[in-house]
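Quick note, the sequences are listed as chains B and Z, same order.
Residue numbering for the first sequence is 434 to 735, as defined by our numbering.
Residue numbering for the second sequence is 182 to 501, as defined by our numbering.
One should not assume that every hint holds.
[Stated by the list, open to error] Ranges between beta-carbon positions, derived for each pair:
{"no.": "1", "chain 1": "Z", "residue 1": "283", "chain 2": "B", "residue 2": "639", "range": "49 to 57 Å"}
{"no.": "2", "chain 1": "B", "residue 1": "643", "chain 2": "Z", "residue 2": "432", "range": "26 to 34 Å"}
{"no.": "3", "chain 1": "B", "residue 1": "479", "chain 2": "Z", "residue 2": "317", "range": "18 to 26 Å"}
{"no.": "4", "chain 1": "B", "residue 1": "509", "chain 2": "Z", "residue 2": "357", "range": "39 to 47 Å"}
{"no.": "5", "chain 1": "B", "residue 1": "473", "chain 2": "Z", "residue 2": "283", "range": "40 to 48 Å"}
{"no.": "6", "chain 1": "B", "residue 1": "709", "chain 2": "Z", "residue 2": "298", "range": "38 to 46 Å"}
{"no.": "7", "chain 1": "B", "residue 1": "509", "chain 2": "Z", "residue 2": "344", "range": "29 to 37 Å"}
[Unchecked claim] Incomplete in silico selection of chain B near chain Z, CB under 8 Å:
{"no.": "8", "residue": "658"}
{"no.": "9", "residue": "694"}
{"no.": "10", "residue": "712"}
Source of the hints: derived by calculation from the structure; they are not laboratory data.
None of the values given here were measured: they were computed from a predicted structure.
Glycine is no exception: its CB is placed at the ideal position from the N, C-alpha and C atoms.
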Amino acid sequence: MSIIPPSGTAEDAREGMRTEAVSPRSRTWRAFVRNPFGLVSLAVLFLIVAVALAAPLIAGEPGGYSADVLAPPSAEHWLGTDNIGRDVYNQIVWGARTSLAVGLGASALAIVLGAAVGIGAAYFRRLDTPLGMLIDVMLSLPILPLMILVAALAGPSISTLVVVIAVFSWPEVARVVRSQALPVVDLTYVNAAHVIGAPNRWVLLRHVLPAVTPVIVVSVVLTASRAVLSEAGLSFLGLGDPSSWSWGTILYNAQRSGVLASAWWTALFPSLAILLLVVAATLTSLAYNDARNPRTRGDSAR
Amino acid sequence: MGLLRFVSVRLLRGLLTLWFAVTVTFFLVRLLPGDPALAVASPTMTADQRAQMLSDFGLDEPLLVQYATYLGQLAQGNLGISFRQNAPVLDILLERLPWTLLLTGSSLVVTLIVGVPLAVAAARRQGSALDRAVQVGGVVGQALFVPTVGIFLLYVFGVWLGWLPIGGAMASDVYGLAAYGSILAHLVLPGLSLVLLQLGPYVLFLRTSLIEALSEDYTNVARSKGVSETKVVWVHALRNALLPTVTLVGLQLGFLVGGSVLTETIFAYPGIGRAIYESVGQLDFPVMQGAFVLLAATVVVANLLTDLMYGLLDPRVRQT
Numbered sequence: 434m435s436i437i438p439p440s441g442t443a444e445d446a447r448e449g450m451r452t453e454a455v456s457p458r459s460r461t462w463r464a465f466v467r468n469p470f471g472l473v474s475l476a477v478l479f480l481i482v483a484v485a486l487a488a489p490l491i492a493g494e495p496g497g498y499s500a501d502v503l504a505p506p507s508a509e510h511w512l513g514t515d516n517i518g519r520d521v522y523n524q525i526v527w528g529a530r531t532s533l534a535v536g537l538g539a540s541a542l543a544i545v546l547g548a549a550v551g552i553g554a555a556y557f558r559r560l561d562t563p564l565g566m567l568i569d570v571m572l573s574l575p576i577l578p579l580m581i582l583v584a585a586l587a588g589p590s591i592s593t594l595v596v597v598i599a600v601f602s603w604p605e606v607a608r609v610v611r612s613q614a615l616p617v618v619d620l621t622y623v624n625a626a627h628v629i630g631a632p633n634r635w636v637l638l639r640h641v642l643p644a645v646t647p648v649i650v651v652s653v654v655l656t657a658s659r660a661v662l663s664e665a666g667l668s669f670l671g672l673g674d675p676s677s678w679s680w681g682t683i684l685y686n687a688q689r690s691g692v693l694a695s696a697w698w699t700a701l702f703p704s705l706a707i708l709l710l711v712v713a714a715t716l717t718s719l720a721y722n723d724a725r726n727p728r729t730r731g732d733s734a735r
Numbered sequence: 182m183g184l185l186r187f188v189s190v191r192l193l194r195g196l197l198t199l200w201f202a203v204t205v206t207f208f209l210v211r212l213l214p215g216d217p218a219l220a221v222a223s224p225t226m227t228a229d230q231r232a233q234m235l236s237d238f239g240l241d242e243p244l245l246v247q248y249a250t251y252l253g254q255l256a257q258g259n260l261g262i263s264f265r266q267n268a269p270v271l272d273i274l275l276e277r278l279p280w281t282l283l284l285t286g287s288s289l290v291v292t293l294i295v296g297v298p299l300a301v302a303a304a305r306r307q308g309s310a311l312d313r314a315v316q317v318g319g320v321v322g323q324a325l326f327v328p329t330v331g332i333f334l335l336y337v338f339g340v341w342l343g344w345l346p347i348g349g350a351m352a353s354d355v356y357g358l359a360a361y362g363s364i365l366a367h368l369v370l371p372g373l374s375l376v377l378l379q380l381g382p383y384v385l386f387l388r389t390s391l392i393e394a395l396s397e398d399y400t401n402v403a404r405s406k407g408v409s410e411t412k413v414v415w416v417h418a419l420r421n422a423l424l425p426t427v428t429l430v431g432l433q434l435g436f437l438v439g440g441s442v443l444t445e446t447i448f449a450y451p452g453i454g455r456a457i458y459e460s461v462g463q464l465d466f467p468v469m470q471g472a473f474v475l476l477a478a479t480v481v482v483a484n485l486l487t488d489l490m491y492g493l494l495d496p497r498v499r500q501t
């Protein structure tokens, strides 16, 4: 299994054009299903989504304070309680909603921005230098301190988190999309489209966008998992949405009340939840990448 | 001549990055809803006191005048006055900067010292159990949440085993040689968290470039001349494989600095990151802004140093 995503070449783009008995999409899917890593992590992702959707059915509202302060895991409190007696299990189940909402929302926004900038830079030559420079500059800056500043100024809420994380994560997407789109815009069929007088919009939508769609799919998952980490990080620093539950906020409360060292369950379980979600997302996207790449797919069709 | 041109282009880019960082933060702070004026002025003030306070901080001027003043002051090393501590932001942060540099710098060095042999071993025995372990570890490592790693280390080595201190940068009652020992002991856990965070990308990246280098003609020539395999790997292949890794350092520095903010928070390490955490709680915007500018400047300088190293490692840069 190759872990490194294959560097995109024009070959990948051309591959989609080939007509064979088995469509490329179903070939990719078959290879994906054969990889146990990919299947298990996809199942884990679905499980987390199911937990988030079913939160009101499987866990009580975590807001209730109780006298059971810092109770270790027991039959009554599966994952223990925190410093003011809130059930950790309930907080984690409800926190899955925040993590997924912020992760998917920020990722969607960052993908749209990043893909537009990346394709724009590759396609419109005049824009390439300034946009490329903007991407480089944004990528080299320490983003977390900047996110902290903006989140603190704009006031903590889920929509603030989504926008802040998206605004500072699109350059990574733009970089990948741009490098994938650069060889495509010079291919013969793109030139042919220009020659027959196709408008830019048509060429972009019909030729360039389909060629970079696979990297965008991988980016959605990776950007979402990074956004989950950013959300947890900001919440851990006390910038989470105060009206909803978040895995990072559980850790923040444990850190602030000084019970991290003594009440291990307040730190372990939210940490495990974050790890599970992000690792599953990463492995899913890698398995998809491997399944798409003829060299690592492991079937004879190349 | 080539090197000079290379360096001056990079220097210009560094300055541009810095200007961008400064400008973005300046306008963000002024235009976002969290009004700095509200943060300074307390509701119990009279209107006169409030106006006096705003003009003390220069917050009553037009935006562009404030921007020009800010840039001018910045050029002289003035980052403004903290809203809460009533001291120059630069003084507050410069006191913290050495700790952050020590923490991030040493973790980067340790990452490379551990990572290079690991990548070499994995690349030499491609497909072996070690190679697979490195690949899986690298992927999981990229998915780690910094506080998780920090809390885990703190719990195991600080609380459970009790080997290492769990917070601060040094004990207050030690002098001379013991003080260095104390600094080192306090550095281990936060440093190790950052090493674990960074190791994955470096090892995976270097492993791939090494495998590529090891299948190139020049390594085969070296082998057929009778050069030992160890020398082929460590001398011939590694030098070329390290080049893209040096570029990776530049890309990873921002992440490293972000990681240090979280790590310093967990271990109560008195660096810039901890100052950011404290200023978030107090809504001390000048400190947050100054900290970001200072960290961005640090990253820009570190990037320049890696660029310089790249120029020295790669003769092609010097010639063209």
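Hint check:
1. Between residue 283 of chain Z and residue 639 of chain B, the C-beta spacing of about 55 Å keeps the proposed range 49 to 57 Å intact.
2. Between residue 643 of chain B and residue 432 of chain Z the beta carbon distance is about 28 Å. The supplied range of 26 to 34 Å therefore holds.
3. A hinted range of 18 to 26 Å holds for the C-beta pair residue 479 of chain B and residue 317 of chain Z, which are about 22 Å apart.
4. Here the CB-CB span from residue 509 of chain B to residue 357 of chain Z is close to 54 Å, at odds with the stated 39 to 47 Å.
5. Between residue 473 of chain B and residue 283 of chain Z the CB atoms are about 41 Å apart, so this pair conforms to the stated range of 40 to 48 Å.
6. Evaluation of the 38 to 46 Å hint for residue 709 of chain B and residue 298 of chain Z yields a failure: the beta carbon distance comes to about 31 Å.
7. In this structure the supplied range 29 to 37 Å holds for residue 509 of chain B paired with residue 344 of chain Z, their Cβ-Cβ distance being about 35 Å.
8. Checking residue 658 of chain B against chain Z by beta carbon gives a least distance of about 7 Å; that is within 8 Å, so the hint holds.
9. For residue 694 of chain B, the interface hint holds, since its Cβ comes within 8 Å of a Cβ in chain Z; the closest pair sits about 5 Å apart.
10. Residue-level restraint check for residue 712 of chain B holds (minimum Cβ-Cβ distance to chain Z is 4 Å; threshold 8 Å).
Hint compliance for this structure: hints 4, 6 are broken, all remaining hints hold.
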